[in-house]
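Given the coordinates of chain H, work out where chains P and Z should sit on it, guided by the hints.
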Amino acid sequence: MTRSRYLIIGNSTAGVAAIEAIRQVDGKGAITVVSDEDVVNYSRPLISYYLGGRVSEERMAFRDRRFYERNGVTLILGRKAEELDVEGRKVVLSDGTSLHYGKLLIATGGRPIIPPMDGLQKVREGAFTFTRLSDAKGILGYIRENEVEEAVVLGAGLIGLKATEGLVERGVKVTIVELADRILANTLDREASAILERALGDWGCKVIKEDTISRVVSSRGKVREVVLRSGRSLSAPLLVIAVGVRPNLELVEDTPISYDRGITVDEHMRTSVEDVYAAGDVAQAKDFLSGWSSVIAVWPVAFRQGKVAGWNMAGREVRYEGLFPMNSVELAGIPTISFGTTTPPEADGYEILTRRDEESYRKIVLKENRLVGAIFLGRIERAGIFSGLIRDGIDVSSFKEELLSDDFGLLVLPAEYRKHMVTGEGMEV
Amino acid sequence: MRKPKRIIIREEYCMGCRLCEVYCITQHSKSKDIIKAYRGEEPRPVSGIYFEEKGFVSFALQCRHCDDAPCLEACITGAMYRDESTGMVLHDRERCVGCWMCIMACPYGVVKPDFGERKVASKCDLCIEAEFPACVEHCPNEAIVLVDEEGERIYKEAV
Amino acid sequence: MAKAKYRPEFIVQRDDEKCIRCQVCVRMCSNDVHAYYPDTVISDSFKCVGCHFCEDLCPTGAIAIRRSEPHIKENYHWSGTDVYNIIKQADTGGVLLTGMGCDRPYKDYFGHIVLNASQVTNPSIDPLREPMELRTFIGGKPEVVIIGKSSEPELRTQIPPQLELETPIMFSAMSYGSISLNACKSLAKAACDFGTCWNTGEGGLHRDLSPYAHRAIVQVASGRFGVNKEYLDAGCAVEIKIGQGAKPGIGGHLPGEKVPEEVSRTRMIPEGTDALSPAPHHDIYSIEDLKQLIFALKEATRYEKPVGVKIAAVHNVAPIASGIVRAGADFVVIDGIRGGTGAAPTLIRNNVGIPIELAIAVVDSRLREEGIRNRASIIAAGGFRSSADVVKAIALGADAVYIGTAALIALGCHLCQRCYTGKCNWGIATQDPYLTKRLNPEIGARRAYNLLRAWSLEIKEMLGGMGINAIESLRGNREQLRGVGLNEVELELLGIKHAGEAW
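Chains as they are written, first to last, in the numbering used here: chain H, 6 to 434; chain P, 3 to 161; chain Z, 276 to 778.
One or more hints might be untrue.
Stated by the list, open to error - These stretches of chain Z come out as covered by chain P in the derived footprint (C-beta under 8 Å, 3 or more residues):
#, region
1, 297-308
2, 332-343
3, 714-725
Stated by the list, open to error - Have a look at the derived ranges for each label pair, beta carbon to beta carbon:
#, chain 1, residue 1, chain 2, residue 2, range
4, Z, Ser485, H, Gly398, 36 to 42 Å
5, Z, Leu390, P, Tyr157, 17 to 23 Å
6, H, Gly398, P, Asp85, 30 to 36 Å
7, Z, Gly369, P, Glu131, 56 to 62 Å
8, H, Lys372, Z, Thr315, 47 to 53 Å
9, P, Glu154, Z, Asp401, 35 to 41 Å
Hints in this document: simulated from the structure, not taken from any laboratory.
Quick caveat, the model's predicted, so the values are computed rather than measured.
Where is the CB? At the ideal position from N, CA and C, for every residue including glycine.
Only chain H is shown next, with the shape it has when bound in the complex (with noise of 0.2 Å):
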């Protein structure tokens, strides 16, 4: 049996950023870091990049093997971490081998949600998933043993869309169907869902809105053809599942641990249980927004939530600020970047402001007038600057007019906030 003083289950982002944090604090306790994954490491979003050739396996590290060694981290790879034993401070992995604990942070991310499909259990090839990057490798083994020049992705979320794009990239012709009556239905609002659209029907891709799989027809055990609810049927020689993730809870299942949709965590992203944290996209944590706890499952949160949960172990008190839904993506071209509320409930106090021309469309929301979310499409330089107005809660009514002016800018900032983000961080003078 193995000790070490922190023990990391999930090898992504919020388990790297972890061990960063850590190495910051203490630079010496011994970290181990348990993946069920058999690569030292690599950067989920990238295997888009990937599937559609931009980036080469060598390149799919965030974070190369000598992180590890710098920063004495010992790695456990290709091993599931199956049972947790809080009273014992130990896991065990799948190989038998029990490891104990000091601090423990389970960073296992989430799955992805499968939906019940008639004849789906049939099929042994042809159908995927899209968030490891077996997964892409798979896909890309499997179009190019059997020649697949067409695809279905089910799912027109960020995951649905990014492997629609490395589908086309590597020239297959994809039909989406998305059960909303838009894409991107959780981070954009109808009008720039329906650029989006268009830019990935000129393509190439057909998307087909409000209707869902209901079968998979496969012929010895080959995926061939869906049938939408809709009772249209598709040729589909590759099914791409993508309808979303959940936390993958099993670990602390049997455990004092408390979970709701994902394990809740207090603001030093402390499970119930003492010297258990958890962060990324397994964990529910306070949302910056709406002040509740939710599950939050985008990179810049789960690498800050790894980070915070790292000082707080080493001994380092930080607290979660908390954060909001962040997102950048390409699509077809288009460039998009959105955050918090884009689509707030009509009345309940929102304004929206929202500019449209030829090659971009921008949209803010503000409540009382501060920035609660915002949408950029097609131009998005500068757009950070709105992650800060709302993460500072900047009263904006002396510059709501500037906020979608082309050259808005830090000087239309109240002078003193200026001054603060021109001086730069520990730099006031």
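For chains P and Z alone, coordinates are given in the frame of chain H:
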């Protein structure tokens, strides 16, 4: 972690000439020669500066090289990294895939998209190759100045 | 009739091969000389005033500003300037305006005076090895000094208030209003850092300048702008301004456009109103009246500060100076014909007043003759271009000098003489916030300080060469001067021998 040298902006002295951009572009060009960079090189490098002007107030803003940099957290490729020896936030164009997560995360809005040879993010590197930032060296009115970890001015002559 | 076209005074030459279209010139010229059209920059020479700001900023050296000679038929009597001035006046019916000092070719007496140096019979002094004293005291000196007879030296005489300067060079009166606050700050800080004085002019004391007030000579002029108890108390000396070398007999006029909020607050006049300084002080029509003001100010400052009077050098300068000294002034400032201004009628500036060299000599001689030279210091002003001019002025009899133009050149001024337009590209003679920020007072102070330092070092070198180790020993020491190419009247007035004559 070492704190990086930082560029301080003094908007009250910025006269809005934008020479900082001219010299930034020159410094990051292939030839490092101002006339060749402007008249011979395609694509011309993107300057690491956002120049803003409204009425008589103007300033030229570059990457702040934050201690707790949101762009580092947002980068999905590891292209954005902290240089341990200098403390600077640097960006490896080779690794960058142009996902614009850094643009989304930077509250100063100082990361630019570069649509030149390849679509990548672009930002101030404090002229790491030249030892002294070109914008600071050439600002005619010392509206852009370089300071060390303690906030003390660093002059070109001292480098 | 055909309307005469003005000829450009300058030609803007652009080397198109070097121009990178960066548009720095387009953005920076306050006279809108340069304009960008898709992929080309064109320049309108007619608008160019010759301030060379664009030339100095152009990163590739693509711009050259050249003088343009008016191509009228050659005429010894009628210069192109004369002709175009008439055309301009026929067009407008107005008074010709200008800025800075007189630029007419009157005889340059400093240029006709040479200095002495020691050879064999008296040793020269190396200022790098031996102490060299430039410290200068401005103020009245007692007739006799009584020293107590006890074992410890004890000064029994009460010495009138003095200004203690580390160099005999001060910055002359330039008001906040005529120059920008950043220009004032530059000079004020340099003066404080070096240990000399600056002068508020008739602009009041802006609150941002109060850290430098302990070395400010505060001016009381005919408009009395900005004068109050705090103002008088803040400064280190008070100067009553009667006249100015650039425009003797003429008052001041700061147009309302140049009186924004800050200027109005400092001058204590309503925003946007013209600040008119009358030609005379309406309460001074005689030396006796002047005496009343001098003593009113001494009274107001509890006899703790020197109170002086500034006049323009005119024909009667010597007797007037004598009257001023007798009226109780602790120092007399004489401003020669080359003295600068922010705005003056061209013809006044160019034709009224006398050269400062002659004025210093005659005033010094007159006060000596009358036995009252000790009662007041003489400060000379008006066109000092180098440390050599300063040395010559002191040898002629001045205690110290004021520099204005030279100080502004240190801050960037290129003598385009368009101060009165308020569009100074260098951020000096303007209140336009787009332009004033171009003068960073940190840089300005550094450069003005450097000028004081450089001139002071040179003065020490020259003193050492003469075998003199204190500036005190040079004052009025006209034997150190010789004229070259001066006639007898000039030599007599200057009180110097011609070159070639021994002691």
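The hints, checked one at a time:
no.	hint	result
1	297-308	holds (count 5)
2	332-343	holds (count 3)
3	714-725	holds (count 4)
4	Ser485/Z with Gly398/H: 36 to 42 Å	holds, 38 Å
5	Leu390/Z with Tyr157/P: 17 to 23 Å	violated, 37 Å
6	Gly398/H with Asp85/P: 30 to 36 Å	holds, 32 Å
7	Gly369/Z with Glu131/P: 56 to 62 Å	holds, 58 Å
8	Lys372/H with Thr315/Z: 47 to 53 Å	holds, 50 Å
9	Glu154/P with Asp401/Z: 35 to 41 Å	holds, 37 Å
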